[in-house]
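Numbering-wise, the sequence shown is residues 174 to 243 according to the working numbering.
Each hint should be verified, as a subset may be incorrect.
FRET-style restraints, in silico, Cβ to Cβ [what the hints assert, rightly or not]:
(1) P202 <-> F177: 37 to 45 Å
(2) T212 <-> D176: 41 to 49 Å
(3) G185 <-> L240: 20 to 28 Å
(4) K179 <-> I213: 38 to 46 Å
Read the hints as simulated data drawn from the structure, not as lab findings. Where a beta carbon is used, it is the ideal one built from N, C-alpha and C, also for glycine.
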Amino acid sequence: MTDFGKILVFFGLVLVGLGLLLLYGPKIPWLGKLPGDITIQREKFTFYFPLASSIVISIILTILFSLFRR
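Please take these sequences and the hints and turn them into a complete structure.
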């Protein structure tokens, strides 16, 4: 039963993190506007792929997780 509790706490923290990202994400000025982000706009179609932003977020999370792992 303790493993199930740990899983619930983990998913709860993930949901809180996702909620904070959705709440405060638009207030980060550089997020989504980096030189490597791809935006294609047509008349009735917009395609947006935040490639560089995803890489930067991945690097930051990798550093944070490696620091907390020790």
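Task: Cβ separation of K179 and I213, checked against the hinted range 38 to 46 Å - done: Check passed, 43 Å falls within 38 to 46 Å.
Open item on the list: Between the beta carbons of G185 and L240, is the distance compatible with 20 to 28 Å?
Closed with: The hint (20 to 28 Å, Cβ to Cβ) holds, given that G185 and L240 are roughly 22 Å apart.
TODO: Using the beta carbons of P202 and F177, state whether their distance is inside 37 to 45 Å or not.
DONE: holds, 41 Å
- [ ] Look at the Cβ atoms of T212 and D176 and judge whether their distance stays inside 41 to 49 Å.
- [x] holds, 44 Å
Consistency with the previously given hints is maintained throughout, with no hint failing.
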